[in-house]
Amino acid sequence: ASLTARGQRVNVETLLRRDPEPAVRFAAALFLPTLGGRRSAGALSEALTDSNRIVRWTSARSLGQLPLADLLELVLWRVPVDVPDRAALIELLSQSSLSLESRASWQRLLTSTRPDDRRLAVRALAAIADPRADADLGARLDDSDPLVRAAAAMAVAELNDNSTEPKLVELTQDTDVRVRANALRALG
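Heads up, the working numbering is the position in the sequence shown plus 27, with the first residue counted as 1.
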């Protein structure tokens with residue numbers, strides 16, 4: 028993505044990718060969402076590995092300002108799991124304006140081997156608040172990770188999904204106190 032200033036073209040993506048000064052990379056990361064597009068998302072996702080923490084965080088925040096449909100496939104499936112602040116990026120995306128069109132991507136994240144990914148996907152599907160997500164969320168009540176089960180209990184409570192009531196009753200006997208507490212809250 029480029030802009031024209033005083034008759035000269037400036038490639039903002041190149042500045043973000045290659046400028047040696049963190050302040051310039053920060054400014055480029057801050058500005059790219061106004062230009063939009065998948066190319067901007069690509070440059071911003073690459074900047075998640077920047078050596079400067081502020082550039083990484085600004086890039087993550089800027090990614091959250093782009094249309095969610097442009098981001099999920101690009102970021103969630105191409106950002107390596109060892110990228111610093113990956114969980115924070117997913118958290119920002121889950122708080123972005125969500126729509127049912129992104130539901131399929133969040134569903135795939137539910138099957139991730141990383142419990143943090145599954146937990147955040149549960150929260151994102153709950154935020155979409157579409158009854159078609161109920162089955163996906165109900166299935167996470169059986170997740171192997173207690174934090175995912177606890178998040179799923181709260182999510183089904185927010186969606187008023189009565190079909191999960193028997194499983195919630197069962198979860199009141201879970202070995203993890205957070206799961207038991209959230210199951211009780213969901214039933215109450």
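There's no promise every hint is true.
[To be verified] Calculated pairs, SDA-like style, for lysine to any residue (alpha carbon to alpha carbon, straight line, at most 20 Å):
id	residue 1	residue 2
1	K194	L211
2	K194	R159
3	K194	G215
4	K194	S171
5	K194	D170
6	K194	G165
7	K194	M181
8	K194	A166
9	K194	A184
10	K194	R205
11	K194	L174
12	K194	D163
13	K194	R150
14	K194	R141
15	K194	L214
16	K194	P158
17	K194	P173
18	K194	A208
19	K194	A162
20	K194	D172
21	K194	V204
22	K194	D169
23	K194	R212
24	K194	R207
Don't read these hints as lab results, they were simulated from the structure.
Inset, instruction - Could you tell me which of the numbered hints above are not met by this structure, giving the numbers in increasing order? - result: Violated hint: only 14; rest satisfied.
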